[in-house]
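Please build the complex by placing chains H, X, D and Z with the ligands on the supplied structure of chain P, with the hints as guidance.
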Amino acid sequence: MIQSFVFSDGKLAGRDLEIEALRIVRADKGLVLWVDLENPTDEEIKTILEGVFQFHPLAIEDCMTPSSLPKIEDYEDYLFVVTHAVEFTRTTKFATMEVDMFHGKDYLVTFHRTAVPSVTIMRDRMTKNAGVIARGPDRLAHTLLDLIVDHYGPVMDELRSELEEIEERMLARTPEKEFVNELLHVRGDFSRLRTIIRPQRDMIEKLARGESKMIRPIMLPYYRDVRDNLARLDETAINYHERLMLAFDIFLNKAAFEANEGIKFLTAVTAVTLPAVIIGGWYGMNFAHMPELQWRHGYLYAWTLMLTMTLVMIFYIKKKKWF
Amino acid sequence: MIQSFVFSDGKLAGRDLEIEALRIVRADKGLVLWVDLENPTDEEIKTILEGVFQFHPLAIEDCMTPSSLPKIEDYEDYLFVVTHAVEFTRTTKFATMEVDMFHGKDYLVTFHRTAVPSVTIMRDRMTKNAGVIARGPDRLAHTLLDLIVDHYGPVMDELRSELEEIEERMLARTPEKEFVNELLHVRGDFSRLRTIIRPQRDMIEKLARGESKMIRPIMLPYYRDVRDNLARLDETAINYHERLMLAFDIFLNKAAFEANEGIKFLTAVTAVTLPAVIIGGWYGMNFAHMPELQWRHGYLYAWTLMLTMTLVMIFYIKKKKWF
Amino acid sequence: MIQSFVFSDGKLAGRDLEIEALRIVRADKGLVLWVDLENPTDEEIKTILEGVFQFHPLAIEDCMTPSSLPKIEDYEDYLFVVTHAVEFTRTTKFATMEVDMFHGKDYLVTFHRTAVPSVTIMRDRMTKNAGVIARGPDRLAHTLLDLIVDHYGPVMDELRSELEEIEERMLARTPEKEFVNELLHVRGDFSRLRTIIRPQRDMIEKLARGESKMIRPIMLPYYRDVRDNLARLDETAINYHERLMLAFDIFLNKAAFEANEGIKFLTAVTAVTLPAVIIGGWYGMNFAHMPELQWRHGYLYAWTLMLTMTLVMIFYIKKKKWF
Amino acid sequence: MIQSFVFSDGKLAGRDLEIEALRIVRADKGLVLWVDLENPTDEEIKTILEGVFQFHPLAIEDCMTPSSLPKIEDYEDYLFVVTHAVEFTRTTKFATMEVDMFHGKDYLVTFHRTAVPSVTIMRDRMTKNAGVIARGPDRLAHTLLDLIVDHYGPVMDELRSELEEIEERMLARTPEKEFVNELLHVRGDFSRLRTIIRPQRDMIEKLARGESKMIRPIMLPYYRDVRDNLARLDETAINYHERLMLAFDIFLNKAAFEANEGIKFLTAVTAVTLPAVIIGGWYGMNFAHMPELQWRHGYLYAWTLMLTMTLVMIFYIKKKKWF
Amino acid sequence: MIQSFVFSDGKLAGRDLEIEALRIVRADKGLVLWVDLENPTDEEIKTILEGVFQFHPLAIEDCMTPSSLPKIEDYEDYLFVVTHAVEFTRTTKFATMEVDMFHGKDYLVTFHRTAVPSVTIMRDRMTKNAGVIARGPDRLAHTLLDLIVDHYGPVMDELRSELEEIEERMLARTPEKEFVNELLHVRGDFSRLRTIIRPQRDMIEKLARGESKMIRPIMLPYYRDVRDNLARLDETAINYHERLMLAFDIFLNKAAFEANEGIKFLTAVTAVTLPAVIIGGWYGMNFAHMPELQWRHGYLYAWTLMLTMTLVMIFYIKKKKWF
Ligand SMILES: [Mg+2]
Ligand SMILES: [Mg+2]
Ligand SMILES: [Mg+2]
Ligand SMILES: [Mg+2]
Ligand SMILES: [Mg+2]
Ligand SMILES: [Mg+2]
Ligand SMILES: [Mg+2]
Ligand SMILES: [Mg+2]
Ligand SMILES: [Mg+2]
Ligand SMILES: [Mg+2]
Ligand SMILES: [Mg+2]
Ligand SMILES: [Mg+2]
Ligand SMILES: [Mg+2]
Ligand SMILES: [Mg+2]
Ligand SMILES: [Mg+2]
Ligand SMILES: [Mg+2]
Ligand SMILES: [Mg+2]
Ligand SMILES: [Mg+2]
Ligand SMILES: [Mg+2]
Ligand SMILES: [Mg+2]
Ligand SMILES: [Mg+2]
Ligand SMILES: [Mg+2]
Ligand SMILES: [Mg+2]
Ligand SMILES: [Mg+2]
Ligand SMILES: [Mg+2]
Ligand SMILES: [Mg+2]
Ligand SMILES: [Mg+2]
Ligand SMILES: [Mg+2]
Ligand SMILES: [Mg+2]
Ligand SMILES: [Mg+2]
Ligand SMILES: [Mg+2]
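Protein chains in written order, with the numbering used here: chain P, 4 to 326; chain H, 4 to 326; chain X, 4 to 326; chain D, 4 to 326; chain Z, 4 to 326.
With the rest of the complex left out, here is chain P:
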């Protein structure tokens, strides 16, 4: 699906142009053009990216194939940017969506395989009230990047709540196997998130330092603002990852703590009951001549002996704090 927007002096001057009209607008330096390709057919890609804009075949290839690492590339006449939006839904849980941009002097072309909320919001806004944003492709690109980065926040919050659930369960008692699976899963999500946040931060940092002539000096503070948000997200992700690994270490050693409690109880109970067991066994022997068995107070003696030994054991066990 291809949607196009033509702006003149910050006002929407046209929408969804035909190919020929696109070519004309592209050639006109006074107009700002945004073309959004949402899951386009190979035909559409060929017509727009190759035909109208004549982008480098490698950049087009990067659009068409999935790219797991964000990047920025300077092709003289335009910047090519690979970035990733994120989403957290009930069904698919954490998911990343690649958004590619071609950023020229007076146009912005965006490319994505699925419907991306940030782009949808942006299209709505441009339709209703473009305003100052539509005055240059650097403003358009910034607005889109800002929307994408703003969507990281709630995803991070979802991951934090998963992390907190894991921390809680780790301190409580839980069946091992599922827990480990879940922990590995959340770790994987954090890992993927950091894999895309870090290079995006570096990439926006480059733009914010004014390294590209596509972005006017007046826009630099806005790119710095996006970089700040990414820096904060990165810092947060590092911190969460550390907490996760700590929870993991505690979990790994949990078994040892529980085993210790069991061993202490076992040791205490064995020690305390040994006198009764030994004496009971010993005087159950059937020797013909066992003087104690004939003693008048033999049974009392057995009780006294047993209780004394048991008390000594209890005393010892208490001292060792095994009970």
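Derived by calculation from the structure, the hints in this document are not laboratory data.
Be aware that a few hints might be false.
Within a straight-line C-alpha distance of at most 30 angstroms, the following computed DSBU-like cross-link-like pairs (lysine-lysine) qualify [stated by the list, open to error]:
#	chain 1	residue 1	chain 2	residue 2
1	P	324	X	324
2	P	322	H	324
3	Z	216	X	216
Just a few of them, taken from the derived set where beta-carbon distance is under 8 angstroms, the chain H residues facing chain P [said to hold, decoys possible]:
#	residue
4	27
5	74
6	183
7	279
8	280
9	292
10	294
Virtual Cβ for every residue (Gly too), placed ideally from N, Cα, C.
What follows is chains H, X, D and Z with the ligands alone, placed relative to chain P:
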């Protein structure tokens, strides 16, 4: 709440001016102006930051929203600085408070959401006896930064005493669950502290190297002094964090040490009592023909056998150092 | 085996030339020459590398001896590149194959000890339809490097499936020894893979930045494309390595979890059966006067006592969650 | 206590001058002056550092307050250096002593709170036979730094011997608690040592690269020599720290090894004695009709059964290597 | 022992000159001179290094005292290089030998305390057939460095075989104490090796980049070749160290695996034999009235009860995979 201070030649020339007066002082190059916004209303923010000073909307936005990472940003006419003060109270324990500053050629604007002790001290000092500090906004800014960094010391001491308590309890015996919670909490505090100390150190380092034209060369040693304090705090925080992780490692392995003591005792006791148990059981059998039972010294033989075997066991146990 | 290809204006103009013909083509600036040495004899090496091309003896030595680290070296008149192709076969599993290249203004010389699939594919393509690729040695070199890097993908997939098998077995129960061997083996493979990916990435990065005059500016995006693929592979390898180490940590602590289950059961069973054992032993004593034995409901009393004590134990055990 | 030395052409020309004389010598470019302040009174600090030399108030403050991090600061007219000497005594064990230096064109001022052996040695040498050392403050400063760094050697040796004692005790059996305390203590000492060695190395490196105009090119190899010693000490400290952490890891896992020995013995002993216990218990039952009890060779049968089962158990135990 | 070699146009023109002759050759720019000092007397050091060559006293001191860290130092007229040869012998095992070099425009002076194989080989070669090597001190130095680095290979192989033996023993069963000692010893060897390889690599890298005017551009590829070898050795050493630490981790957790096997067996055996023990004890009680004892099929009932309970236990044990 907005408070303003006008200094002329290092002397307090006016306080808490009206908006119009502020505009006039702002335009007068000969006067030094400090405006402090403590938890201002949106109205006040609009009037002062947008109206009087015309700061960049992104910097104003950074003031209004919480920023977890300190930073410095150069907007040609002024520096915008996000910094964090810390406090350690009985009730809230460790807390950070954002303090933002706009540092122009002849003015300083500070912004904070809560009452910050360092700012309060500074306001008192300026009211009573401004002196040399009031001769330039770089001196004002340095004094405030110095007060903020000086307040890190006692907080670090509080955290160290929490750390030492944890180390002590870790070497003693404690119930697991609360201890782990506390350890995670203190680790979180150290982590947050380092998250703000590190970038503040880098930020002050930049100023101390004379990268900003807002700070006169004569002030550089004073900024280096603040940087030294932050470097020291950072070094200390790193060291405490290492100690904490070491304590954690010891704690995690504590259960294994205790379990070992239990196992050694259990093993020793089992070994030592086995002869009595086996012999007691064996000669408790009811076979019609068991010659030993009829022996004249059968019972003595049982005792001798039991004691001999027990002594052998004790000897073995001693050699293995299990008791 | 030596194969040579002469291209004129992107068309194959000759194949497998004699030495003398090679010398002539080499001297002719208008022709592009590719010479591939597959496991050449020392004689052939001497004739071609020393005789025809007069390469530096150290570069020739680097060809002849195995080099475990990829590198790039600039000898004024030509680039010398050591790179590694990878293969994953049923028999030898993961294997690396060194491919060395001499990249001059109008020639490419490749050297390898074994048949390398990427080179074979390249030779076929050059024979059938050289096209634009044959217009310069920088295109030839890029195509070969691209083919080599493309072959890393399936090998990475094989390693990932080995990794996933290990993760699965780690969560299930397996005999220790073989598992550890396998884990060490896969770790070794990942380690070797990263040892060659990292320096190749740095090496291609250098070429992609235009540091060598052998590569025309128009080719730089193509080298950046290869670098992107290597960056992606490196990122993936790092991630897999982390997962492997995590699986390893879980595996190491698995025994403790299982031991804990055993200990809990042992403790529970010991506690629950102790009353029966103690009472059974105690009233098996043969003292002449044991009043309980003569009680009318003595046996009932024994049962009651035993069941009561057992229930207390079961209650305690349930509370401790040992069962 | 203040001591001063005036050198003229490498010869001691005067000692312990009055304040007025100090001022005159300070103004005379032809004389070299060394003033050493050992635990001076506030009065003395004021007179000398503020009055005679007019050092920067922040540098004076750095002298007066303890500074845990070494540093170098360039105040145009002089270098200000914070460095740390170390000592290892029977009573206080490892201790660091701050030594501060002001290094001008023709003077050196040293400041320290306690008597520092290196300074004492230096004073003696200057009194007896100053020689070439007294020809410039860069030589004086180098000699003092060299003496300070030379004193690190024996302290490092003491720490190594403590480390070796810990390694030895870790491999032997020791009571837990004291050992952990000692290990934490030695780790703390190494940590403090590295905290001061690292920045001193960086600091001397800067001087050795000729970054300060206070140090003549001819002196650079001498500063490189000090840097080499610090690099060596740093390398050694890193290595010792790694050994300590390894010893710690072994110690933490020691309990598991010992517990394993106990468990193996317990398991073996339980298995081997079970037949006797079971048979002994079984044929101790008092059923009216138990055929085996009336068998002619019933008791022999019990023995045979018991021995057979025990042998089977021993065989199994041997195979499992539990004994 | 001092040996000297004079070369003229790559031919050996003289050997073992007198001091006076050395002075003359040293002054003659057309001749290349190599002086090798093997464990020289203090007298010889004084005469040659101070007298004939007038090297810097600090460089001479560095020769005379052991230097554990390789380094390179540029004294205008000559390079001073500290490097380390290695050896692995049956008796001393792994040993390092310091080799120092002074590398001037037309001379090379080497200094070592013990007979170093690389130097011996070099002396032989120079005596028999100097050839192109003798045409410049940069060739002489390169040849010596190359020989020294070539000798690292076999030492690395020895260490690898020690490592593999450790890995094998770690997977098998071994007595703890000696194993730990050996592991610590091998780790120490790897650590020492890396301590000298890393700085040597950096040092040769500097030379290979052409930073010294003592080395002609034509020699740079040769120094790069040495650097490649050191890079490879470093990579290998890092990899071996990782393997060693992994083996160590496995070893540390081995006890837990074995203990687990013991505990599983103990738990299984206890559970399976409990019915017999309980029933045997219970019906061994001597109550006057125990109905079961008088039952006609009482004993059969006891057997049935016991076998049923035992089968239930076996079933449970199998399900839990404890046997
Ligand atoms: Mg893509
Ligand atoms: Mg990928
Ligand atoms: Mg998910
Ligand atoms: Mg912002
Ligand atoms: Mg945030
Ligand atoms: Mg771990
Ligand atoms: Mg804020
Ligand atoms: Mg921020
Ligand atoms: Mg707190
Ligand atoms: Mg200071
Ligand atoms: Mg301080
Ligand atoms: Mg400190
Ligand atoms: Mg650890
Ligand atoms: Mg453990
Ligand atoms: Mg090779
Ligand atoms: Mg393999
Ligand atoms: Mg691509
Ligand atoms: Mg990529
Ligand atoms: Mg562990
Ligand atoms: Mg101080
Ligand atoms: Mg101490
Ligand atoms: Mg030296
Ligand atoms: Mg030394
Ligand atoms: Mg050393
Ligand atoms: Mg030496
Ligand atoms: Mg050795
Ligand atoms: Mg070699
Ligand atoms: Mg080579
Ligand atoms: Mg190599
Ligand atoms: Mg290798
Ligand atoms: Mg570990």
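Hint check results:
1. 324/P / 324/X: holds, 21 angstroms
2. 322/P / 324/H: holds, 20 angstroms
3. 216/Z / 216/X: holds, 26 angstroms
4. 27: violated, 28 angstroms
5. 74: At about 7 angstroms, which falls below the 8 angstroms cut-off, the nearest Cβ of chain P leaves the hint on residue 74/H intact, so it holds.
6. 183: holds, 6 angstroms
7. 279: holds, 5 angstroms
8. 280: holds, 6 angstroms
9. 292: Check failed: Cβ of residue 292/H comes no nearer than 12 angstroms to chain P, outside 8 angstroms.
10. 294: violated, 11 angstroms
Checked against the numbered hints given earlier, this structure breaks hints 4, 9 and 10; the rest are met.
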